[in-house]
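Novice: What follows is each chain in one-letter form.
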Amino acid sequence: MAKITFNLALISYLTASLEYFFYLVYRKPAVQTLAWVTVGVGLLCHTMIIGLRASATGHGPYTTSFEIALFFAWALVVVYFLTEWKYRIKDLGAFVIPMVFLIMVYSAFLSKEIGFQGPATDASFWMTLHRTLSILGYAAFAIAFAAGIMYLIQEHAVKSKKLGIMYFRMPSLEVLDNLNHKVIAVGFPLFTLGFLTGSIWSDKMHGLLLSWDMMKTWPLILVWLVYGAVFFGRLMVGLRGKRAAQGSVIGFFSVILTYFLHV
Amino acid sequence: MPETKLVVVGVNHKTTPVEIRERLAFTTGSIEESAEELISYPEIIENIIISTCNRVEIYARVYDIEIGVQKLKEFVCGNHNIPPEQLDQYFYFHSQERAVEHLFRVSSSLDSMVIGESQILGQVKDAYQLARSLRSAGQVLNQLFEKAFNVAKLVREETRIAESAVSISSAAVELARKIFEDLEDHTVMLVGTGEMAELAAKHLISYGVKTVYVASRTYERAANLAKTLNGSALDFQDFTEQLYKADIVISSTAAPKFIIKHDMVEKAIQQRKNKPIFFIDIAVPRDIEPEVNNLENVYLYDIDDLQTVVSANMKEREKQAESAMEIIHNEVAKFASWKDSLSAIPTIVSLRDRVEDIRESETAKFLEKMPHLSSEDTDAIHRLTESIANKILHKPTINLKKKTQSEEGPAYLKAIRHLFHLDD
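In order, the protein sequences belong to chains A and B. Numbering of the first sequence is given in this note's numbering, commencing with residue 1 and proceeding in unit increments. Numbering of the second sequence is given in this note's numbering, commencing with residue 1 and proceeding in unit increments.
No lab work stands behind these hints: they were computed from the structure. Cβ coordinates follow ideal geometry from the N, Cα and C atoms, glycine included.
Okay, the calculated beta carbon distance ranges per label pair:
#1 A:30 - B:307: 33 to 41 Å
#2 B:217 - A:78: 54 to 62 Å
#3 B:149 - A:236: 55 to 63 Å
#4 B:242 - A:105: 53 to 61 Å
#5 B:284 - A:106: 51 to 59 Å
#6 B:157 - A:37: 19 to 27 Å
DSS-like cross-link-like pairs, simulated, lysine-lysine; straight-line CA separation at most 30 Å:
#7 B:261 - A:162
#8 B:210 - A:90
#9 B:319 - A:161
Bound-form chain A, shown alone:
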C-alpha cells in the first residue's frame, strides 16, 4: 500500500515536472492547469504516505532520514502551492517541482526501517519542533533558490541584451526579487527558531546547548550566516537584485551540504 502510494506520488511529480516544462516552452494554459492538478494528486498521495507512516510509527515524520526527506519534499510542495496561490508566479513550478521529484527519488534509496515506535520522551517535543521549523525554513529557502535561479536567468537576458525565449517567459526582475525577499523573510525566522529549538533539544539530551561537533553545528551556522547576510543586507544596505539572487543560490547549496552532514 505504502509502496504503491509512494510510486504514485513519484510518478505524479515527474509528470508534473514535464508538464511545467511543456508549459514553459509552449504556453498552453490547459497544460498549466493540468500541471497543478497533477501536483495536487502527488501531494495527496504524498500526504497519505506520511499519514500511513505516522500510524505505523506512532509519531510524526521526524526520526529517520527517509521520513525527513519525505517531509521536506512534502513541505516544499505545500510552500510552493502557497506561493503560487499568493503570487501567481508563472513557471515557478518548472523550477520547484523537479526539485521535489529529485528529493523523492533520493528518499526512495533510503532505508524504510522504522526508527523507534510510539511517542517518545519529553525531549522529543523539542525535537519535533526543531525539525518541523527547520524543514519549513528549508522549504522556503528552496523556493528562494528557484526564484534566485529565475532572477539570474532573466537578469542575464536583460543585461546581455540576448532576449531569448526565457526573457519572454520569465516574470519581471522586480517580481522575482520581491519573491526572493519574501520567502527568505519567512524562511530565515523559521530556520532561526529551528536552530534555537534544536539547541534546547540538544541541551535536554546531552546537557549541551550546542554540540560543538564540527560536522553537525558548523554547517548550520554557515546557512544561518548566508541567509542572515541576504536578509539583513537588504534591509540595511539595499542588497538586492543579482546579489540577493546569488545569495539565495549559494545559501541553498549550503543547505544541501548541511542536510547531508547534519540530518
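Given chain A's structure and the hints, the job is docking chain B onto it.
Specialist: Positioned in the frame of chain A, the structure of chain B alone reads:
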C-alpha cells in the same frame, strides 16, 4: 449540379513590387463595380475582392479552377488596362483547401508584412461586408469568411503572435515591464525632448507611469513637454543631481559627447540603495557612456539594442506563426468537410423527391381501385405510406451526410445516384 471550386487569385507585398501593386489596387467604388461585373460572368458564382496597400486578392467560387483563374486574371488586368503577359510573373493563385488556408493565413495576419499586426483583419472584414451588401458573396464564401474571422480570433487567443513589441517605443516599454513589472509607481526622466523620446514617454504613461521629469538645455522646451506629459521640468544644470529619483531615463539630446557618465550613475544607484535604473539612449550620437551598463542593477539600451530587440521579437512572432499554422490546418479541414457535406444535399433532395414521386403515384393508383374508402381512411393510408417512406430514408440520409465527409464520399454519392436513377 456540377461541383464548385474555391479559388483565390492575387498579388501581395511578397510577390509584387509596390509600383505594380498600386496599379492593381481597387478603390471601394471600383470594387463595387468590379464585383457586380464579376457576378455577370457565367464562370464565376461568387466573389469577394480584398484590396489593401499590401495585397489585391479575389476570392471566388467557380465551376472550373483553370478557367476561373484565367478569367479572374484577365479581369484584373483588363480592369486596370495592363497587358496580362506583363503581370503573369506576379500573380499567385490557390484553389480549394489551399485557397481556404491562404485566406485563414491572411485574416490571422500570418501573411502580413509585420506578422501579427491587427489591421488586416479589419480590412478583410470590410471587404466581406461590402461583398455581402452587393450580394456578390453567397452561401460558400459567406461561410468561408465567417470562419476566417473565427480562425483569426483563435490564433490571437492561442498563440502569442501579437504580444511582443515590434516598434522601438513598445520594445522600450516591454523591457521596462520586464525590469519593473508594474510601471504605476515608477518615475520617468526625459533628458532632451526628442520626438522619439516623447513617443516612448507617452507609451510608458499609458502603462501607468505617473511621475515624469523633463530636462532640456532650453528650459522653455522642457517646460512645454512637461506640460503635455503632465510632468515637471528640471533645470538642465542639476538633472544629474536628480538622477537618483528616476527608474527609467530616456535620453535624446543633440549633445556631441556623452552627458550621462559612469560615475554619475554609480552615485545615483548608491543613493537609490541599488534600486534598478533602466536607461534608454535614443540619441545619435549617444548620450550615455556604454560602460554604465556594467554597473549592477543598471540596464542600458541604445537605439541599436532596441532595434535588435525588435528584430528578435519579429522572430518570436514568426515562431508563433508556426504554431498558428497548426490551428489553421485544423480549421481548413473542418471547413473542407463542411463544404463537402454541401454536395450531399442535392443528392439527398433528389433521392427524397424520387421516393416521394413513387409513393404518391403508387398510393393514388391504389386509392383509385378503392373508391369505397372514406376520406378518413384515405388520409390514414397517406400518413402510413409517408411514414414508411420517411423511415426508410432516415438512415440513408444521415449516413450519406456522414460519408460525404470521408474519402469514400464521392463514390457513395455516385452509387446512390446510379441505384435510384437520380440523374435522368
